[in-house]
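Visitor: Here are the chains, one letter per residue:
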Amino acid sequence: MTAGLDTVALVLLTIISAATPLLFAAVGELVVEKSGVLNLGLEGMMLMGAVCGFIAAVVTGSAALGVMAAAAAGMAMALVFAFLTLTLLANQVATGLALTLFGVGLSSLLGLDYVGFPVEALPKVAVPLLSQVPFFGPLLFNHDALVYLSVAMVVAVGWFLGRTRPGMVLRAVGESHHAAHAIGHNVVLVRYLAVLFGGAMAGIGGAFLSLSYTPMWAENMTAGRGWIALALVVFASWRPGRALAGAYMFGGITILQLHAQGLGADIASQYMSMLPYLVTVLVLVLISRDTYRAKLKAPACLGRIFHPAA
Amino acid sequence: MVLVTPALALALTLLTGLLLFGAMGYAPLAVLFHFFIAPLADLYGVAELMVKATPLVLCAVGLAIGFRANVWNIGAEGQLTVGALAGGALAVWFPDGASPLMLPAMLLLGIAGGMAWAAVPAFLKTRFGANEILTSLMLTYVAVLLLSALVHGPWRDPGGYNFPETVLFPPAATLPLLVDGTRLHLGALLAVAAVIAAWFLLARAVFGFEVKVIGLSPAAADYAGMSAARITWLVLLLSGGLAGLAGIVEVTGPIGQIQPTISPGYGFTAIIVAFLGRLHPLGILVAGHILALSYLGGETVQVTLGLPQGIAGVFQGMLLFFLLACDVLLKYRIRFSAPAASPSKPA
Chain A
1 MTAGLDTVAL
11 VLLTIISAAT
21 PLLFAAVGEL
31 VVEKSGVLNL
41 GLEGMMLMGA
51 VCGFIAAVVT
61 GSAALGVMAA
71 AAAGMAMALV
81 FAFLTLTLLA
91 NQVATGLALT
101 LFGVGLSSLL
111 GLDYVGFPVE
121 ALPKVAVPLL
131 SQVPFFGPLL
141 FNHDALVYLS
151 VAMVVAVGWF
161 LGRTRPGMVL
171 RAVGESHHAA
181 HAIGHNVVLV
191 RYLAVLFGGA
201 MAGIGGAFLS
211 LSYTPMWAEN
221 MTAGRGWIAL
231 ALVVFASWRP
241 GRALAGAYMF
251 GGITILQLHA
261 QGLGADIASQ
271 YMSMLPYLVT
281 VLVLVLISRD
291 TYRAKLKAPA
301 CLGRIFHPAA
Chain B
1 MVLVTPALAL
11 ALTLLTGLLL
21 FGAMGYAPLA
31 VLFHFFIAPL
41 ADLYGVAELM
51 VKATPLVLCA
61 VGLAIGFRAN
71 VWNIGAEGQL
81 TVGALAGGAL
91 AVWFPDGASP
101 LMLPAMLLLG
111 IAGGMAWAAV
121 PAFLKTRFGA
131 NEILTSLMLT
141 YVAVLLLSAL
151 VHGPWRDPGG
161 YNFPETVLFP
171 PAATLPLLVD
181 GTRLHLGALL
191 AVAAVIAAWF
201 LLARAVFGFE
211 VKVIGLSPAA
221 ADYAGMSAAR
231 ITWLVLLLSG
241 GLAGLAGIVE
251 VTGPIGQIQP
261 TISPGYGFTA
271 IIVAFLGRLH
281 PLGILVAGHI
291 LALSYLGGET
301 VQVTLGLPQG
311 IAGVFQGMLL
321 FFLLACDVLL
331 KYRIRFSAPA
341 ASPSKPA
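Sequences listed follow chains A and B, in order.
In terms of our numbering, the first sequence opens at residue 1 and continues consecutively.
In terms of our numbering, the second sequence opens at residue 1 and continues consecutively.
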């Protein structure tokens, strides 16, 4: 009985680890999309975060500095995107794809000398008392700081978007940039800040991969997680709480698939991996067809270029 | 100006590349030489360039027509994959096929496969209003996983020592070579044909006119009685079909079987090709070869200088960045003036 429980706890633990990088990237992108910007460069920003965070952690010996470097790297990438799309009014889809290509390439170049380098994984932070609770203690209250941060970010973003004035301004900018502009809000500034936040989150998500999930750097180590996170935002219909649930579900599918592979069910694994994408398409269809439930829909100005008439 | 900005973007990319590699401690001129010039030193290299340009041009021509109509199919990679699977199925099921009809049938099936995969975003867009950027992207991953499932499972070559590959395609299912001693195949001519046909469609046919009007002014198009849904369907089927053709051309041409990786991201790079080529078929023909060089150069520096192949992505990304940045010069006139008194902003 206890052995069975331990196995379950272990599997659930790996699901939490698998979900955390997705959650960081998705929560960042959610804010970006709520402001009306579609940044397809998540994968590139995550990889740059992963490699810069890793290098910083190796060079300085401090995991905290590594995470900060990762956030900075993600923001630097996001700044390139923001400058092109918001200041130079370039197409967001093309710029985002370019950002991904660029980030994949540059990260493999930067990390060339660090492949196979060992680094100490982020330390676990056990919550006093709560981590002593049998089963749930080690499962929920004995993680590294980034896992707690990812959940905290969901709560913070949910509160910010739903309960604060700046959050409402951000949503207004995403729903109708011309109206927001007309009543005096600085559309471009709001979007710059949102995109930078998204970059920082993606960078930290990448750093979680290279400093905690598998504490090492490998070329292209995000392995498509940036795209899954992008799907996750749609799946969550732009709600932070659903993004949390979705991240754990998508993470769960990844882990299940690994275990299925271990059991020799090789073929099933690819079909299982398709599920998140298919479910996302289904959700997208469901929320798109219902014209009356605008609350669920994509931000109306998603991906549109803002060029004030005056 | 239309031609100046791509040239300017290329020049800036090279310059930044020089600075970047210098800063990273490599001999920048050597990198650029091995990247851009060494691959083209002999006939084989030039032929390889055209081999790599073929799928890029095929995909980009279709995508460009869609982009002109404001239909953002970014799932060419998936349509390419499904095209390769649909056409390749014939060779997998009839590995001893020798009929002269086999190759044409495979090409047609490839086109049909790509079309079918693109029809899903078209249906979801026109019927439910689902964003085609997101649906076509999601379906790309489904397609790549389907490919993986097939080559790891039922389509694996029984005599292939358990490698995840199908049987080698029979000669009747292989595109004829154009130049002996190279891998240049008939597909290159198909790409040129697609370019010419697309040019005709855009410049001389009613369809092309409708595409442009819908892209530039949906309201005007609606008023003129043009159906946005019909054009959405047509451009998605067209771009999907061309991407499917690119896929089947790859597996019946240079690859000669179905492997877990059919394309090193041609479907995504084709989006850069379309933009670099100014969404014009002839421009795309040129741009396809420029981007093909980035793949070829990436392979060369990997072999000669031991640099990761990702370097191709650095160049591709930078090129698109600079191109998009330079486009601001095309689309807008920059005026230097004091900003107009802005309305007071609430905090």
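Hints were generated in silico from the structure; no laboratory data involved.
For glycine and all other residues, C-beta sits at the position ideal for the given N, C-alpha and C.
Accuracy of the hints is not assured; some may be wrong.
What the hints assert, rightly or not - If you only want the chain B side, here are some residues facing chain A, beta carbon under 7 Å, derived:
1) Leu134
2) Met138
3) Thr261
4) Phe275
5) Gln302
6) Leu305
7) Ile311
8) Gly313
9) Leu329
Visitor: Need the list of violated hint numbers for this structure, in ascending order.
Guide: Failing hints, ascending: 3, 5, 6, 9.
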